[in-house]
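Student: Sequence:
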Amino acid sequence: MSLPQVGEFNLIQSLRRRYGQTGRAVLRGIGDDAAMVRASSAHALLITTDLVAEGIHFNLHTATFADIGYKAAVANLSDIAAMGGTPQYLLASVAVPRSCTASNIDDLYGGLMQACRPYGVELVGGDTSESKDGLFVSVTVTGCVELGRALRRDGAKVGDLVYVTGTLGDSLAGLRILSRKGRRQRRTSGREVANPRYVKSLVDRHLHPTARLQTGLLLGHDRLATAAIDISDGLSGDLAHVCRESGVGAEIEAAAVPLSDACRAYAVASGVDPIEWALRGGEDYELLFTVPPRNCSKLGRVSQRSTCRITRIGTIRPRAFGLRLRRQSGRVTQLVDSSYQHFQAARTTPREAAWSS
Numbered sequence: 001m002s003l004p005q006v007g008e009f010n011l012i013q014s015l016r017r018r019y020g021q022t023g024r025a026v027l028r029g030i031g032d033d034a035a036m037v038r039a040s041s042a043h044a045l046l047i048t049t050d051l052v053a054e055g056i057h058f059n060l061h062t063a064t065f066a067d068i069g070y071k072a073a074v075a076n077l078s079d080i081a082a083m084g085g086t087p088q089y090l091l092a093s094v095a096v097p098r099s100c101t102a103s104n105i106d107d108l109y110g111g112l113m114q115a116c117r118p119y120g121v122e123l124v125g126g127d128t129s130e131s132k133d134g135l136f137v138s139v140t141v142t143g144c145v146e147l148g149r150a151l152r153r154d155g156a157k158v159g160d161l162v163y164v165t166g167t168l169g170d171s172l173a174g175l176r177i178l179s180r181k182g183r184r185q186r187r188t189s190g191r192e193v194a195n196p197r198y199v200k201s202l203v204d205r206h207l208h209p210t211a212r213l214q215t216g217l218l219l220g221h222d223r224l225a226t227a228a229i230d231i232s233d234g235l236s237g238d239l240a241h242v243c244r245e246s247g248v249g250a251e252i253e254a255a256a257v258p259l260s261d262a263c264r265a266y267a268v269a270s271g272v273d274p275i276e277w278a279l280r281g282g283e284d285y286e287l288l289f290t291v292p293p294r295n296c297s298k299l300g301r302v303s304q305r306s307t308c309r310i311t312r313i314g315t316i317r318p319r320a321f322g323l324r325l326r327r328q329s330g331r332v333t334q335l336v337d338s339s340y341q342h343f344q345a346a347r348t349t350p351r352e353a354a355w356s357s
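Counting in the working numbering, the sequence shown runs from 1 upward without gaps.
Since the hints were made in silico from the structure, they are not lab data.
Here are the simulated distance ranges between beta carbons:
no., residue 1, residue 2, range
1, Arg327, Arg18, 34 to 42 Å
2, Leu11, Glu130, 25 to 33 Å
3, Cys296, Glu146, 22 to 30 Å
4, Leu15, Arg309, 33 to 41 Å
5, Gly148, Pro196, 43 to 51 Å
6, Ser14, Gln114, 31 to 39 Å
7, Cys296, Ser131, 45 to 53 Å
8, Tyr19, Lys132, 26 to 34 Å
We put the CB at the ideal spot given by N, CA and C, even for glycine.
Given these sequences and hints, build the entire structure.
Tutor: Here is the structure:
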């Protein structure tokens, strides 16, 4: 079968079944935000990697080399956050066309380190190669987590409540703005959005997202969450990943999904229901996690300590329930996994927003 016939996620599952067998030291292999390997009697090593390619994940007409490096680092840091871990070291490899300059690559690595510096993450290696077709960046981040305190995708239980950090849909809104502006230096006339300041906010959320490391660390350390994932594929897709790994279903309240004023205004001005951007946008790099009712009263402290908004958006249901979305009108519909997949047979635009594993 061709790759478009198989699809990205089916390909990953096939590789996982055939080659993902693990030894006793491997606590979590393919199928989570990071691999987890026993490092000592008290700690596990976390390992995550992402590859980004020009024309698929980013466009040099709308992002600087520093932007590309920054976001490539955050994609990996966010995976460590979703595991409840602490990032430590980074390796970065690049395949570069001759049209790039040494200054371009210096800017790219500068962006990488700008994202890593607040967390004390050190660059310890990588590789460089010439590319005949576009720029490619591969980043690997390692981290650590205490045994018994890691967050995983496979722990959600029926009756758990579903929460997310921050606001959703902002990254896709920012991408839409950049895609329309192209080389016009990220400016807007203000006709598309009531408040022009919203434009800068949305573009920044797309190019410079935040990894919720402190929130993930607190959720894991205090053993509050039963499952977690970072929202890199969109709410619908990443919720589907958690439910598939945990063997459960879920019901989401559309009215509860947190949207920024900027995203809401831009979506309405564009003739789009903003909830759709939250469901399928991806690259917000917020955390989606499940919590037993007995632990919910403790989330206020997590939100305060991590200075991060936390919102309840739904409930975990039995597997037979499937994934459902309850609209504000009360109408309930099946929640379709509308996240981007590489190798799709038909797509309307390049991804430029699919930095996920």
